[in-house]
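Which chain is which? The protein sequence lines are A and B, in order. Sequential numbering from 1 applies to the first sequence in this note's numbering. Sequential numbering from 1 applies to the second sequence in this note's numbering.
Think of the hints as simulated: they come from the structure by calculation, not from any bench. Here the structure is a predicted model, which means the values were calculated and not measured. For every residue, glycine included, the Cβ atom is placed at its ideal position computed from N, Cα and C. Misleading hints may appear alongside valid ones.
[Stated by the list, open to error] Some chain B residues near chain A, calculated using beta-carbon distances under 10 angstroms:
1) Thr77
2) Ile117
3) Trp123
4) Gly132
5) Leu246
6) Gly327
7) Arg393
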Amino acid sequence: MNPYLAGVLLGFVLLTTIYITGRGLGASGAMKSVAVSTVKATAPEHYENTAYYQDYAADHPEGPMKSWLVFEMIGVLIGAFLSGTLSGRIGLKLEKGPGVSNSTRLIGAVLGGLLFGFGSQLGRGCTSGAALSGMAVMSFGGIVTMLAIFGGAYAFAWFFRKMWITR
Amino acid sequence: MAPLIPDIISPEYNYLIAIIVGIGFGFALEQAGFSSTRKLVGLFYGYDFTVLKVFFTAGLTAMIGVLLLSHLELLNTSIIFVNPAFLPSAIAGGIIMGLGFVIGGFCPGTSACAAAIGKVDGWAFIIGATIGIFAFGEMFPLLEDFYMANGQGAVLIYDVLGMGRTTFALLMTLIAIVAFFVTGMIEDKVNGRPVKILNGHWRNKALSAVLPVLMVILIMATPSRKEYTMQKLEARAAAGECNPDLIDPDKLAFELMNNYYQYNVIDVRSPEEYEAFHIATAINIPLDDLHNTTYRELLNQRIQTNVFYGSTPEQAKKACLIARYHGNETSLALNVTAEKFRDTFYGNIEIPDDPTKEEQTLALFRKQAAEKMKEIENNLASREKPVKKKITRVQGGCS
Chain A
1 MNPYLAGVLL
11 GFVLLTTIYI
21 TGRGLGASGA
31 MKSVAVSTVK
41 ATAPEHYENT
51 AYYQDYAADH
61 PEGPMKSWLV
71 FEMIGVLIGA
81 FLSGTLSGRI
91 GLKLEKGPGV
101 SNSTRLIGAV
111 LGGLLFGFGS
121 QLGRGCTSGA
131 ALSGMAVMSF
141 GGIVTMLAIF
151 GGAYAFAWFF
161 RKMWITR
Chain B
1 MAPLIPDIIS
11 PEYNYLIAII
21 VGIGFGFALE
31 QAGFSSTRKL
41 VGLFYGYDFT
51 VLKVFFTAGL
61 TAMIGVLLLS
71 HLELLNTSII
81 FVNPAFLPSA
91 IAGGIIMGLG
101 FVIGGFCPGT
111 SACAAAIGKV
121 DGWAFIIGAT
131 IGIFAFGEMF
141 PLLEDFYMAN
151 GQGAVLIYDV
161 LGMGRTTFAL
171 LMTLIAIVAF
181 FVTGMIEDKV
191 NGRPVKILNG
201 HWRNKALSAV
211 LPVLMVILIM
221 ATPSRKEYTM
231 QKLEARAAAG
241 ECNPDLIDPD
251 KLAFELMNNY
261 YQYNVIDVRS
271 PEEYEAFHIA
281 TAINIPLDDL
291 HNTTYRELLN
301 QRIQTNVFYG
311 STPEQAKKAC
321 LIARYHGNET
331 SLALNVTAEK
341 FRDTFYGNIE
351 IPDDPTKEEQ
361 TLALFRKQAA
371 EKMKEIENNL
381 ASREKPVKKK
391 ITRVQGGCS
């Protein structure tokens, strides 16, 4: 799809979300629900004794998975799958830069995810929840996070160029 | 007025709506090509600026949409979620996310899209992100001070920059157009194509660039729905078309003593002034809020007559006009101030030396009225008060 057209579509999805619910979109929050649920299931004692998880439990009285963003992310998986089916992009694949081995790419993805997940908690939201939704409502905090994400990525891009481009 | 949840759509539907907008979100992201990690990082190496185009277009579309809905009084922007600003943690977190972006090649939303269409690296990123979030949770006691440092609350960017809301939107739109233009040329250069300034379909391109600019300028140039209503109202009042009916304090007191249930007395001063003194049975709706759709039903009820009073007779008249504008024909305005009303009945009621019969009757009436009104107020104080609806900001963000 034309990127500008896709952008307008995405913008209308975000606008509809704000109009109906008064909040924006998000992504990392659903992964937080998964992380917290895992702790709850595997180490219940630790879960009970840690203030961080207990604060989260207080905000989500019906359990960590009963969160708006978890349901939204279920929708994202469905929507992306539909779009992929329509455009014929479904299939097990590992995408990587030229000359990068599979294991390097997988380690990179896990490590990058780890950093992104950590950063999203520190920065109170990721590209969706802080940057995009923050821009729509003209939030100062959201726009600062957006500038830091893209500024940071440009600053580090040169060091990891071998993972993506040949030069 | 929107947001539709919780008043127009029940909060129980919120999760269903989450799935539906999620489907739209996932569909748009995948259609934009965000399930491809090479496309995403292209932004940082200059060979593909799709991310910038989609991201900026989406942000601007939603931003201008919010602006327009608020301009038309269809969306209450004072209660929608605005991400709070904590600068140290926002900047540090953002830079760490930026590093994660170039190493992992995704952000959380796009990794989910990639995972949904079977990309193994998407799943790897999600697993990594979940571990990263877990690590943050475990390290939270060490990070808490830094995380909470310099909290400024839900600050808006245009307030920080000291400009108007629409001025900022216009500025952003112009920056975006320039950015699209420049990155298009960079993209051509990096990919070794001949650099073209406006290749093909230049009419469509110019039109789609002008459209958002025009939209923002239109919002800037036209009065908001509230301003428009007030202007029209004042013009009508100035033309003498719509004169409020007045009621004097003695008449009001008499009516309250005998038929208070037929009147709906509305104090349009500030809540503080209302707390300090208000006429018996009065409720408080500050003049600025009277226009809100929330009170439309109350103003238009036909069982009771609305009586407005304020800190000046003009305030009362204006309130009466607003009620009339929205369709209530029977509203009355008190022709004295709230203070004058208080002094008339609860102040020192002096009977001049050698009073006429009329003066004596009036003084007696006022004393009786004061007592009776106190009695009514005390009786009403024990009645069941309407539940005061607390309007709070929507909770959102990634937590």
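Hint status (Cβ of Thr77 (chain B) to nearest Cβ of chain A, threshold 10 angstroms): Cβ of Thr77 (chain B) sits 7 angstroms from chain A, so the hint holds.
Under the criterion of a CB-CB separation shorter than 10 angstroms, is Gly132 (chain B) in contact with chain A as hinted? 3 angstroms, holds
Hint Leu246 (chain B) vs chain A: min CB-CB distance below 10 angstroms? At about 41 angstroms, which exceeds the 10 angstroms cut-off, the nearest Cβ of chain A leaves the hint on Leu246 (chain B) violated.
Under 10 angstroms, Cβ to Cβ, is where Ile117 (chain B) needs to be relative to chain A, so tell me if that hint holds or is violated. Hint on Ile117 (chain B): holds, closest Cβ of chain A at ~3 angstroms, below 10 angstroms.
Measuring from the C-beta of Trp123 (chain B) to each C-beta in chain A, is the shortest one below 10 angstroms? At 8 angstroms from the nearest chain A Cβ, Trp123 (chain B) passes the 10 angstroms test, so the hint holds.
Checking hints one by one. Is Gly327 (chain B) an interface residue toward chain A, by the C-beta closer than 10 angstroms rule? 27 angstroms, violated
Any CB of chain A closer than 10 angstroms to the CB of Arg393 (chain B)? Since the shortest Cβ distance to chain A is 8 angstroms, the answer is holds.
Hints 5 and 6, counting from the list given before, are not met by this structure.
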